[in-house]
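Given chain A's structure and the hints, the job is docking chain B onto it.
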Amino acid sequence: MREYVGADRIEGPLVVAEGYGKAACGELIEVHADDGVRLGQVLTTGEDLVVAELWGETAGLQPHQLLLRFCGETFHTGVSREMLGRVFDGLGRPRDGLPPPMAEDRVDMHGAPLNPTARAYPQDFIETGISAIDGMNTVVRGQKLPIFSGAGLPHNELAAQIALQARIADESETLAVIFVALGVSHDTAAYFQQRFEESGLLARTAVFLNLADESPLERLVTPRVALSLAEFLAFEHGYQVLVLMTDLTNYAEALREISSRRNEVPGRKAYPGYLYSDLAEIFERCGRVRGRPGSVTQIPILTMPGDDITHPVPDLTGYITEGQIVLSRALHREGIYPPIDVLPSLSRLMKNGIGERHTRADHPSWAGQLYASYARVQEIRAISVIIGETALTPVDRAYLEFGREFERRFLAQGAGQARSIVETLDTGWEILSLLPSSELTRINEEDLRRYYSGKLEGRISHD
Amino acid sequence: MERTVLIANTSNMPVAAREASIYLATTIAEYFRDQGYDVALMADSTSRWAEALREIAGRLEEMPAEEGFPAYLPSRIAAFYERAGRVRTLGGTEGSVSMVGAVSPPGGDFTEPVTQHTQRYTRAFWALDRTLANARHYPAINWQTSYSLYSAAVAPWWAKETGPDWQALRDAAAQILEQASRLEQLVRLVGAQALPDRQRWILDAARLLKEGFLQQNALHPVDAYCVPAKQVALLRFFVELYQSGQQAIESGAPLTRIRQLLDVRRLVQIKETVPNDQVDQIAHMLEELKAGMNAMVPAERKI
Numbered sequence: 001m002r003e004y005v006g007a008d009r010i011e012g013p014l015v016v017a018e019g020y021g022k023a024a025c026g027e028l029i030e031v032h033a034d035d036g037v038r039l040g041q042v043l044t045t046g047e048d049l050v051v052a053e054l055w056g057e058t059a060g061l062q063p064h065q066l067l068l069r070f071c072g073e074t075f076h077t078g079v080s081r082e083m084l085g086r087v088f089d090g091l092g093r094p095r096d097g098l099p100p101p102m103a104e105d106r107v108d109m110h111g112a113p114l115n116p117t118a119r120a121y122p123q124d125f126i127e128t129g130i131s132a133i134d135g136m137n138t139v140v141r142g143q144k145l146p147i148f149s150g151a152g153l154p155h156n157e158l159a160a161q162i163a164l165q166a167r168i169a170d171e172s173e174t175l176a177v178i179f180v181a182l183g184v185s186h187d188t189a190a191y192f193q194q195r196f197e198e199s200g201l202l203a204r205t206a207v208f209l210n211l212a213d214e215s216p217l218e219r220l221v222t223p224r225v226a227l228s229l230a231e232f233l234a235f236e237h238g239y240q241v242l243v244l245m246t247d248l249t250n251y252a253e254a255l256r257e258i259s260s261r262r263n264e265v266p267g268r269k270a271y272p273g274y275l276y277s278d279l280a281e282i283f284e285r286c287g288r289v290r291g292r293p294g295s296v297t298q299i300p301i302l303t304m305p306g307d308d309i310t311h312p313v314p315d316l317t318g319y320i321t322e323g324q325i326v327l328s329r330a331l332h333r334e335g336i337y338p339p340i341d342v343l344p345s346l347s348r349l350m351k352n353g354i355g356e357r358h359t360r361a362d363h364p365s366w367a368g369q370l371y372a373s374y375a376r377v378q379e380i381r382a383i384s385v386i387i388g389e390t391a392l393t394p395v396d397r398a399y400l401e402f403g404r405e406f407e408r409r410f411l412a413q414g415a416g417q418a419r420s421i422v423e424t425l426d427t428g429w430e431i432l433s434l435l436p437s438s439e440l441t442r443i444n445e446e447d448l449r450r451y452y453s454g455k456l457e458g459r460i461s462h463d
Numbered sequence: 001m002e003r004t005v006l007i008a009n010t011s012n013m014p015v016a017a018r019e020a021s022i023y024l025a026t027t028i029a030e031y032f033r034d035q036g037y038d039v040a041l042m043a044d045s046t047s048r049w050a051e052a053l054r055e056i057a058g059r060l061e062e063m064p065a066e067e068g069f070p071a072y073l074p075s076r077i078a079a080f081y082e083r084a085g086r087v088r089t090l091g092g093t094e095g096s097v098s099m100v101g102a103v104s105p106p107g108g109d110f111t112e113p114v115t116q117h118t119q120r121y122t123r124a125f126w127a128l129d130r131t132l133a134n135a136r137h138y139p140a141i142n143w144q145t146s147y148s149l150y151s152a153a154v155a156p157w158w159a160k161e162t163g164p165d166w167q168a169l170r171d172a173a174a175q176i177l178e179q180a181s182r183l184e185q186l187v188r189l190v191g192a193q194a195l196p197d198r199q200r201w202i203l204d205a206a207r208l209l210k211e212g213f214l215q216q217n218a219l220h221p222v223d224a225y226c227v228p229a230k231q232v233a234l235l236r237f238f239v240e241l242y243q244s245g246q247q248a249i250e251s252g253a254p255l256t257r258i259r260q261l262l263d264v265r266r267l268v269q270i271k272e273t274v275p276n277d278q279v280d281q282i283a284h285m286l287e288e289l290k291a292g293m294n295a296m297v298p299a300e301r302k303i
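Heads up: the sequence lines are chains A and B, in that order.
Per the numbering used here, the very first residue in the first sequence carries number 1; after that it's consecutive.
Per the numbering used here, the very first residue in the second sequence carries number 1; after that it's consecutive.
Isolated chain A, as found in the complex (with noise of 0.2 Å):
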């Protein structure tokens, strides 16, 4: 550890110090002042001249009078179990009063990537209750399954309701809850706060808030603290670990606002060339490992600007993590709680976490007929603006019967309604036998004559 006293400037959130070199690239930086102590880290190091940038506000620091300490390491943060049914700040620091909790371990909140063949492939169902989730895009355990929402639409209600209602099959086995809240306002801090102690389920979650008036250098620390906590609790203690991260688009904002700062070549939308490299730092951070029995499983939110899924977060994101969850404005207009559009949506790791080992035999054709079927509703609709709804064919007008009871009773439900596995298969092949069978070309003839009732056989025509 080495001490200095004096930078030269101040720029923003950057202290630049000329004439004290030997810092490494990274390292943790402590300035103090007269009003406290700030944390930081190393950009930039040569022979004489260090950049560093501060997690904190530097308004009102005098260069000359300020107080360096490099710390000699990288940020490292203490973890232990203990730190479940806290509330932290961004860098890990207690927030709800209590002194902070005993570390079991300091780890380095960077991680380290795994090596691709320690990686164990995720696997097992975790049922979340909600029907367009675990029936047409099931998460599994070690998978990273983003939610891409817009402003305005109740992505914060799914996720709470995501969390609190979480199970997985086997009992003997501990699931843990991480929040992370990336630059979101006081309301929907306070909000999730509320929602995980009116459900008793505090002691199982652990939350870190950065708020949207706080650094935003502070929030790209945020991610990276939750998830050192998250492998710890999973790959040191056996847990099954569930992070929420919302809002990923702050995030992301964040990482531009440094990136001008430290005058760095802007790529699209002026978020840096480095945006892809970095969400993965954070993705990666999930998984399985070969003889551990925990995992980690991330759910991201992130708000689409303008509801475009090809601006530069969203496209990344789904370039790095294992499918989406699209909530759409149309649904939520018509009412429609939660309103996922299972269309774009797509768990790519969903075959290995259901059928006859994890849910039900049925449950893979069951999903691609729903799939199919709700796609040729859209085709439909289309042609149904244009022509009509008497000018179509018998099994036309069966497919809008269709993709209305779809809507109403199959993505439908409370926002504290919980539906089993068995609950979901079973509601949707109610609606499936809406169709005529010939038009149920993905289901077998076993499937056929065991769930579906097929009530319209016999009254459509071959017209």
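Hints should not be assumed to be uniformly reliable.
Said to hold, decoys possible - The following label-pair restraints were derived from C-beta to C-beta distances:
| # | chain 1 | residue 1 | chain 2 | residue 2 | range |
| --- | --- | --- | --- | --- | --- |
| 1 | A | Glu405 | B | Ala20 | 27 to 33 Å |
| 2 | B | Ser45 | A | Glu18 | 40 to 46 Å |
| 3 | B | Val100 | A | Leu98 | 54 to 60 Å |
To be clear, the hints were calculated from the coordinates, so they are not data collected in a lab.
Beta carbons are placed, not taken as given, at the ideal position from N, Cα and C, and that holds for glycine.
The following block gives chain B in isolation, referenced to the frame of chain A:
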């Protein structure tokens, strides 16, 4: 796995290694090629590789060109794909490297630089389609925008292995799909019921082709792998079914009767119910259905 070399660079690993991994893989492929192996190299995804180029170029403060990619992007892409090909090895045998590169354009926009430049240097293109993917039509290869300039080169092989009519069947199927897509635009304006039977039968046939032939179930024990003989048998099944249906309609049989004859679910599931080693069954089914349709043709008009 015994015959596979896997180069893994996950997205949280250093970006410079991502740029290198594609060259490393090609070099390993060439090493085996020179021993007389036929090597298939899959790169997923070359867009990530291009993005690594862009990220490094940005860090080096190079002048950005199209969409922030460095100006040398096309020549790098060309240099990569040109390493594919057949060679005569020093040992006198023949070896080859075939490349399949996945491109994942942002927002599915095929006009972006990586897709555009890749298309310039490659001769086959499988376009994955978002609408098909949303309907869980797997593989979501769009039959209209995809192409292969090698089809003439492989035609003799198909003719020898599976029968002389491969090219004709392929063309007929492409024609049905093309006609159907034009009719679908019309249906959007006037509705399917306003079309004559002949055209509605084209729509039916296209649907059978899409669901019964183009779509495959990767998780089904039988359908996941379809041998060439079965591919052609299926194709022949749907094309000839269409042709004899068309004949029946032209000689006055109503479409409703043809539809009554067909159990759509069963036809679409032939790919799953007929195993790879019992391809003959498909021809038998076809004969039965053709006989059924032929019966609808009045005696005096039979050929």
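If I claimed the Cβ atoms of glutamate 405 (chain A) and alanine 20 (chain B) lie 27 to 33 Å apart, would that claim hold in this structure?
violated (54 Å)
Please test the hint of 40 to 46 Å on the beta carbon pair from serine 45 (chain B) and glutamate 18 (chain A).
Since the Cβ atoms of serine 45 (chain B) and glutamate 18 (chain A) sit about 44 Å apart, the hinted range of 40 to 46 Å holds.
Does the Cβ distance between valine 100 (chain B) and leucine 98 (chain A) fall inside 54 to 60 Å?
For leucine 98 (chain A) against valine 100 (chain B), whose Cβ atoms are near 57 Å apart, the range 54 to 60 Å holds.
Taken one by one, the earlier hints fail for this structure only at number 1.
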